[in-house]
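Colleague: Residues per chain are reported as follows:
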Amino acid sequence: MMQDTFEPKIIAFCCNWCSYAGADLAGTGRLKYPENIRIIRVPCSSRVDSALVLRAFQNGADGVMIAGCHPGDCHYDTGNYHTRKRMMLLKSLMEFMGLDEERLLVKWISGNEADRFKDTVESFTSKLKKMGASGKVRDLRCAK
Amino acid sequence: MKIGVFICWCGSNIKNMVDVERVAEATGKMPHVVYTQDVQYLCSEVGQSDIGNAIDEHQLDRVVIGACSPRMHETTFQQLMNRKGLNPYYVEIANIREHCSWVHTDKAKATVKAIDLVKKAVAKSYYAVPLHAESLPVNKRALVIGGGIAGIQAALDIADAGYPVDLLEKESSIGGKMAQFDKTFPTLDCSACILTPKMVEAATHENITLHTYSELEDVSGYVGNFHVTIRKRATSVDEERCTGCGECVTKCPAKVDNEFDQGHSKRKAIYTLFAQAVPNKPVLDRKNCIYFKTGKCGVCKKICPTDAINYEMEDQLIENDYGAIIVATGFELNEPTHLGEYHYGHHPDVITSLELERMLNASGPTQGKMYRPSNGKEPKRIVFIQCAGSRDRHDGNSYCSKVCCLYTAKHTILLNEKFPDTESYVFYIDVRTAGKNYEEFYERARQMGANYLRGHVSKVEPLGDSDNRLLVRGYDGSLGEQTEIEADLVVLATSIEPQQGAKKLAGMLGISSDRNGFYSEAHAKLKPVETQTQGVYLAGVCQGPKDIPEAVSQASGTAAKAIVLFNRGQVKGVPTTAMVDEELCSGCMQCKPVCPYEAISQEMITERAHGKARQRPVASINRALCQGCGACAGLCRSGAMDIGGFTGRQLLAEVDTL
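Line by line, the protein sequences are chains A and B.
Using the working numbering, the first residue of the first sequence is number 1, and each one after it goes up by one.
Using the working numbering, the first residue of the second sequence is number 1, and each one after it goes up by one.
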């Protein structure tokens, strides 16, 4: 029953040129998706420091999404390749910490892929609903 | 600090799904927020003056907007800040339309989300730092790489605007591929007649300096301030002394295949590229010179009336500074030897279109006479094969070379006019005639008697008769059956390919190439002449196959870009660049390799520690090059690197509010 009422908290880092624009287009096209996501604009997905992702989990995020341009399409040429490498590494660190690496989603969404943005948010939200709340890191740090 | 929060209704667009009053009320309770207001249309004049008045009245120093996407109206609000004497980066926008009201259906949940988004923006604005774009002076001199028609046009336009231009050409004469052509489609203008006046104009223009027989050696710097080294290869002929009399060329005993005529004639080891070459002074090809091979001969030196021949001449390195670089390096035609079925290279009567072009050219190797390379006789039946290496995923290039359909139509027309008893057959996949008057031109070719057969050629083989003719086996799509044609000459429309050195040049200039090796424009639709590297522009076929008028207009486009840059006189960088906190930076330089713009370099700083001055390396940002992607900041181990407008502290504040 918990699953029906649980609303996961999702923080998304979207690159300004592709994914943020894709999210904008989803809005312009009046596509509908769940309210759980909060988007933070970054110039490029490679701007996202791994520490920011961990901080989001510490603050009680149940899922973090990093979205950038498709490989080869990066506005800054190579940024998303760095993202891919760093986030792969971060995922293995999350496993090591006992944090399910599936809570971190790295996705390539271009500026015209409004549908892909909507589908990604929908599927990630429903997946996190099934996974339940992520208490792991939050409990460690914020036990009061 | 005084923060003002303004929530936009956007008419009903936001207000219908988000309780804007509640959003204003909730954010009004945040620390440092001294004023909140919800407004019908913030982007309207009324809305703008509302914000302006509130700034004056409450002495706001940060403004947070809850409205549409920042991609929509960020500049509108930044301009308002400027007018109010506040730094434009002191405004922060929460996207509560595209990312909230338009995509959700539950008003209560949407309102909660909108509050979160505005709170996030307030938290971010608290840590905003003022940003300024850096202005750098522009060196008002252009470098044009490639002296074909595109390069010549670009150079002339910039020079006519009053700015000095250096025109770089690797061959000994400017003119490029167009100089080899006979006539141009669809008007059948004589190529040389329209090109040579431009070549002469370029050479004599007071603002243009020619660097022929020269190549790019090195490029550094950035828009407005490129530092370039040019290697001027040794011509062994003193340009100052040489009068271009041509005595040395006449007497030189070494004969080699003439590349300009595609091997259908011979040239000397000391030679001019073609009769109308500009500059019209010979160069000595050391690889084929008898003196350089054996140490004996020296005929040219003995005969030269002005003593211009200098065997000891060395390559010269010329260094210059430029504000803009135009790349017009053109193309190569592929050697269709890899297409075994066409027998090219095995039978002399299988030739390329450019070879045919040279034959048809009145100043070519045959003075315009057609001949079969095998026996010198005039060909009576000629078969043209289109897309030899183009539109061929398996054995060639997948793209269309664009100009072959039209030049083949031109060839059939020219043959028909000059030699009315020749028959032309054209095997084609599609005939593409997009261009002004091109379809009419193609129609004319057909009406004049060219036989067009839609289908592939499966094999070209020697017929084995006494005349050594060829048998072309192909498929005639309109009849739906195999067909065989006996031909005197087979002409292959070879594929246009990037120059062999294209990749190396791209590396030097920091520009990228597409998967076919052509240079990539900054935006396929809206920035067709710019590259990802500011101040470097693309003209002509180096960017992709195109015909002469397209190359010329693109060249003029690049010239316009360069002129705009020179007229402005300074470049404004991106304000949201990387910044280094030198105290934190350990000088590990991990950031350097991830930077796509080579904007990071190592610098030594002097600091005092324990009463002693010591030197220590730190990363240093060239703000003119940095585009603010943040790849460096995302990686910096010590947190010394930051991006203006997206500092680590700002992003952290955003994460912390959620």
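One thing to keep in mind: the hints can contain errors.
Pair ranges (Cβ atoms, derived) [stated by the list, open to error]:
(1) B:D392 - A:P71: 50 to 58 Å
(2) B:S601 - A:M88: 25 to 33 Å
(3) A:D115 - B:I318: 27 to 35 Å
(4) A:N112 - B:S398: 41 to 49 Å
(5) B:Q40 - A:T5: 47 to 55 Å
(6) B:P593 - A:N112: 25 to 33 Å
(7) B:V46 - A:P71: 40 to 48 Å
(8) B:V249 - A:N112: 44 to 52 Å
(9) A:D115 - B:N82: 32 to 40 Å
Since the hints were derived computationally from the structure, they do not count as laboratory data.
Quantities reported herein were computed from a predicted structural model and do not represent experimental measurements.
We put the beta carbon where it would ideally sit given N, CA and C, even for glycine.
Colleague: Hints first: check each against the structure and report whether it holds.
Modeller: Hint check:
no.: 1; hint: B:D392 - A:P71: 50 to 58 Å; in the structure: violated, 27 Å
no.: 2; hint: B:S601 - A:M88: 25 to 33 Å; in the structure: holds, 29 Å
no.: 3; hint: A:D115 - B:I318: 27 to 35 Å; in the structure: violated, 55 Å
no.: 4; hint: A:N112 - B:S398: 41 to 49 Å; in the structure: violated, 24 Å
no.: 5; hint: B:Q40 - A:T5: 47 to 55 Å; in the structure: violated, 37 Å
no.: 6; hint: B:P593 - A:N112: 25 to 33 Å; in the structure: holds, 31 Å
no.: 7; hint: B:V46 - A:P71: 40 to 48 Å; in the structure: holds, 46 Å
no.: 8; hint: B:V249 - A:N112: 44 to 52 Å; in the structure: violated, 59 Å
no.: 9; hint: A:D115 - B:N82: 32 to 40 Å; in the structure: holds, 38 Å
When each numbered hint is compared with the structure, violations occur for hints 1, 3, 4, 5, 8.
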